[in-house]
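Number of protein chains: 2
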Amino acid sequence: MTVQDARTPASDSGNPSEAGKSIGWHKGYVAGSRPDLRVPVRLVHLTNGNDVTLYDTSGPYTDPTVETDVRRGLAPLRENWIVARGDTEEYEGRPVRPEDDGLKHTSPRGGLLQAGTTDLRGLDAVFPGRPRRPRRGRTGRPVTQLAYARAGEITPEMEYVAIRENVSPEVVREEIAAGRAVLPANVNHPEIEPMIIGKRFLVKVNANIGNSAVTSSIEEEVEKMTWATRWGADTVMDLSTGRNIHTTREWVLRNSPVPIGTVPLYQALEKVDGRAEELTWDIYRDTVIEQAEQGVDYMTVHAGVLLRYVPLTARRKTGIVSRGGSIMAAWCLAHHKESFLYENFEELCEILAAYDVTYSLGDGLRPGSIADANDEAQFAELRTLGELNTVAKRLGVQTMIEGPGHVPMHKIKENIDLQQEICEEAPFYTLGPLTTDVAPAYDHITSGIGAAMIAWWGTAMLCYVTPKEHLGLPDRDDVKTGVITYKIAAHAADLAKGHPGAQDWDDALSDARFEFRWEDQFNLALDPDTAREFHDETLPAEPAKTAHFCSMCGPKFCSMKISQDIRRRHGEAMDAGEVEAGMAEKAREFAATGNRVYLPLAD
Amino acid sequence: MTVQDARTPASDSGNPSEAGKSIGWHKGYVAGSRPDLRVPVRLVHLTNGNDVTLYDTSGPYTDPTVETDVRRGLAPLRENWIVARGDTEEYEGRPVRPEDDGLKHTSPRGGLLQAGTTDLRGLDAVFPGRPRRPRRGRTGRPVTQLAYARAGEITPEMEYVAIRENVSPEVVREEIAAGRAVLPANVNHPEIEPMIIGKRFLVKVNANIGNSAVTSSIEEEVEKMTWATRWGADTVMDLSTGRNIHTTREWVLRNSPVPIGTVPLYQALEKVDGRAEELTWDIYRDTVIEQAEQGVDYMTVHAGVLLRYVPLTARRKTGIVSRGGSIMAAWCLAHHKESFLYENFEELCEILAAYDVTYSLGDGLRPGSIADANDEAQFAELRTLGELNTVAKRLGVQTMIEGPGHVPMHKIKENIDLQQEICEEAPFYTLGPLTTDVAPAYDHITSGIGAAMIAWWGTAMLCYVTPKEHLGLPDRDDVKTGVITYKIAAHAADLAKGHPGAQDWDDALSDARFEFRWEDQFNLALDPDTAREFHDETLPAEPAKTAHFCSMCGPKFCSMKISQDIRRRHGEAMDAGEVEAGMAEKAREFAATGNRVYLPLAD
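Chains as they are written, first to last, in UniProt numbering: chain P, 1 to 603; chain L, 1 to 603.
Calculated from the structure, these hints are not laboratory results. Each hint can be trusted.
No copy is singled out in the list; a pair is fine if it fits within one copy or between any two copies.
Okay, derived cross-link-like pairs now, BS3-like style, lysine-lysine, Cα gap no bigger than 25 angstroms in a straight line:
hint, residue 1, residue 2
1, K317, K497
2, K413, K317
3, K411, K317
4, K497, K411
Isolated chain P, as found in the complex (with noise of 0.2 angstroms):
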C-alpha cells in the first residue's frame, strides 16, 4: 500500500514537533488505479518510527494542504465517475418553495425575514456555492450501486470503499449485489467519500444533527456534521424541523464529505403546518424528490407501520415513540386507510433508484422502554419491512433497515438474527439499543452497551444515542461524546467479529503502553485531546516522571523488563528449559541490580 502523507500537522490535535518528539498525526491518502482515487487516512507516526494507518472520516477539514471554505463547499469528489458512466443527466429541478423551508406559504409576517436565526437574507441565499442543476437516471434504470454491482460493474465507488476496508473490490460489488452492503451515495452528492455499511465491512456510526424551532442556526448545524465527522462519524442525519429546514440541508450536504440521511416524512409534515392527516402521497413525493435533487444518500421511511399494527401498540407501556412512526399511525387513524408510503411503495422505489438514495426502512413501532421490547407490534413492522426489502432490491435500491431502540441484554440477540433471516441479510442499522431506563443523561452508556454487543452480531451501522437523549438537544459536546461512546461500540464490535486488521490499532496502543511511550498512546487514542488532558492533570509533562511512571498501577515494576528481556533473548524459539534456565539468571541478574521492584523515580 502506497500512502502519500500531507505531512504538516493535520490539526490543533496532531502534536507539532518538538526538539525531536512525537510529529503526532497526519492525513495521509492511500492511491487507487487512477489519479483520482485517493483514499484518506489518519497516519500515526509513532516515537519508535513505524506507521500506523487508521481509517478517517474527517474530510478535507484535516488535510492542511486544501483550502476549505463552508460558503463555497466540498469539491465534487466524484462528479466525473458520475458523469463518465452516461446513465445521468442533468435537469432543470424543481423549483425551492418558501415552504419548503417551513415559512408558511410565504405570509408576509411569518416570512423570508423571520428566518433570523441565521445570517441569511432570502431565499436567493440559500447557498452561496457553485451553481448547480440536478441529476438523475437519463433512462429509467436505476443508477445505484446495485444495479452496477448486480451487472458486475466494479465503479470507482466500490474500489475507493475496498481500499478504505482492506478488502477486495470483488468482495465490495460481491456484498453489495447480494443486498448485503449499501454504499449511500446520491448522485447529487458528488462531495462524499465513498463509504460502506454492511456486516463484512468495519461497524459503522451515524451522527444525529438537526436544528428545531427553538435552538440552534444552520452554522450550528453544520459545525455539529464536520465535528461529528471528525470524531468519526460515518454518516450524519440532518433531523432538522421547523424553519429554514431545507437551507440547513443545501449547506449540511455541500460540506459534507460523509453520506447525509434524513426523514423526508419530517419536512412533509413541515408543509402541512404539522397537521398529519393533511399528508398526501403527493407531499411526501415532492418532498422526496426534493432531497434527492439536493443530494441526500439515504431516507428513512416508516413504510411499515402499517393500519392493522397500531392497535397491537395500546397495551404497551410507552405506546409508540418513533416520530415518524407516530406521525404515519396517526395519518392511518385520521383516514382509517392503509399507510400511503406503503401503498405507494413501488414508486417511490423508482424515484429512489433515479438518484441512487438508499432506503433505510424506519422502525416507526420500535420499543421505547424495556418493557416494549421484542413485542408483536415491532416484529410485525419488522417482517413487513422484509417484504418491502425484497421489493425494493428487485427495483434496484440499495436498501438498509432500522432497529431498535429499548431492548434488556438478553432480548438483544433475537432482534438481530430475526431481521438477518426476515431481510435476507439486508444491513441492519440500529438505534443503541438501550439496555435499561433508568439512567436518563447517561444513555450513551446505557445504549452504548447494547450496541456493541448488537454490532458483534452483526449489526452494520450503529446510530448515536448522546447524553441528552430523552432530555434535550446535543450541544457540541454531547455530539461528541455519543460519537467517541459508539465508536468505541463499533471498534469493540469489530474486534469481537475477528475483523481482518482490527486488532493491529489495540495492539499498537498496548505497545505503546507496554513501553512507557506516552505520546504514542496519546496519538494512538481515539480521543487523543482527552487522554493527554487526563494524564497532565494528574502528571504535569516532566519527561522524567512521565518516561516511568504509570499513574494507576504505580511506578513502573520492572518485572516487565524481565518479560521483554526473556522475550527478547529467547524468541518464539524458546522452551520450558531455557525459560528455566532464563529465570535462574534472571533471578542473579535482579540481584546484581540491587533487588530494586521499582525503577528509581526522580528522586
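Based on these hints, arrange chain L on the given structure of chain P.
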C-alpha cells in the same frame, strides 16, 4: 413490607416540595424481625401518589434524622449481633507502629511531622473516635458467615441482606453455605450495613479509592468513599499507598457504611521500602492482622501467582499489569522460590477465619491488553485460584475470585464459564473487562460494555473503572462517573438475568416518561441531578413547556394519548374486533378534536 419513612428531604438531590409539586426522594427503612434491624431504602415519591422503593447504599449520611460526624465515625450497627454470638472476644491487639503509616522507621526527617498532607499532628491523632479494642474468634473456630450458614444459622446479617434483596433468609443462608455468595463483614467493622455478593442476588459494584505518594489527603479519601456510596457503590476498596496508609484506612473504615476491601500486599511492600525481595511471610502476616484488627472486610490476595507461571507471561504483549501480581512475580524471581502466599495459604485462612475477613483471590496474571486475553498464564492462575478456593472454603473462609482485565467481547463468556466451573460457583468479581484498548480517557465505557455482559452471564460484583484508568488518579467527578457507569452495567445485567423486581424500576421510569411526569422521571433516575440539569439546559423550567414537550422526539404526539385511551377503555379484555371498533371510533374522535398531530405548544 412496612417501610418507615424519614420524610424530610434526604439531600440536595431530593427536590423539596414546591407548592404541591414533587417532593422527591427520601431515606426510608424496612423493619426486620428485631428493633435494631432496619434496612435502608431510597423511597421515591411519585406525583401520581405511588412510591417506588430502591436499593440504597448511601448509609446514614442521607438520613436527615441521623447526626453524622466523620471525626466520631458511624454507629456500630452490628456490635450487639457480633457480641451476642459469643464466639469472639476483645483483646489488646497489635500496637500501631510508625511504619504502618509508611513513616520510615521513625527517622527524624522522614517522620511524623512529614505527614503534612493531612491535619494529623502525630500518631495519637490516628482516629479521634470512640476507643476500641480489636475483636477476634475466641476458640480457633471460624467466626464467619460461612461457618454460621453451614451450621444452619440465619444471622441478623443474613436477614438484613434478605430484606435488601427481597428474597427469603433461607436463600441467603443456602447461597453462603454453598460458597456461591459472600457476606463480607469483619467482626471489627460493626458500622457496615450488611450486603451480599453472589450471582443469585443483585449485581454489585465496587469503587476503588486510595491516596498515593503524590496526591490526595485522608479527608479527600473519606469524602470519595461517602461520595461513591452516595451514588451506589456497594463496597469500596482502599488502595492507598505511600504515607498515612494505616491512618487513612482507619478513617475510611470508621466512616464507611459499606464493606471495605484492601490489598495488604501494598502496605507490606511499603514496610520494606518498596523492595519486593525483602518481603517475608512474617511482614505480610503482620500486615494482614493489622488490617483485620482495623476491620477490613475483604482482602485481595494474589496467592495464585506461582513461580512457574511467570515465564508464561514472557511472550505477552503487556506482561504482568497487576501491581500485586508484579510484586509477587518479582519476589518469586528474586528468590527463585514458590510464593509465600501460596506456601502459607492455610495459615492465612486461619487468620482470616478469626475475623471473618473474606478472600478476594486476586488475578495477578490478568491480561492487560486485548492481545493477552484468555491466555495460558491467565487460565493457569485461575486453576490455582480454584484449588485455593476449595482450601479456603474447607477452613471456613468466605471467598470470591477476581477476574480480568482486558478481554474482547467474544472471549468474555469463556472467562465466567471457566471461573464458575473451576471455582465451584464462587462469586466472580471482575474488573470490567475492557473490550478494547484504543480509548484511554473512556475506559469506563470500554469496560462498562464488558462489565454488563459478564455480569449478565454470572459475575457477582463489578469493580468500576473510571475515565482516568491508565492515565491518572480519579478525582471526585471521575468516581461518580465510574460508579454511575457501573451501576448501569449492573442493573442492565439484573434485567437480563430476570432478577425479580429489577424491571419495576425501569417500568416506573418509563411510565413517568410516557406520561410526561418530568419530576418523577428525574427523581427515579440513577442520577437525578444530571438528568434535571440536562433537561433544564434545553428547556427552562416552564410548566407549560415541560408538560407536553419531549425535546428529542419533538412536541408530544397524541398517538400516545390514543394508545392510552384505547388501553384504558378496553383493558386487557380487548380482542381484535373490539380494537377495530375502537380504531374507527378513534378516527372519528381524532377528526373531532381538529386532527391535531401535536398538542398545542405555548403559541
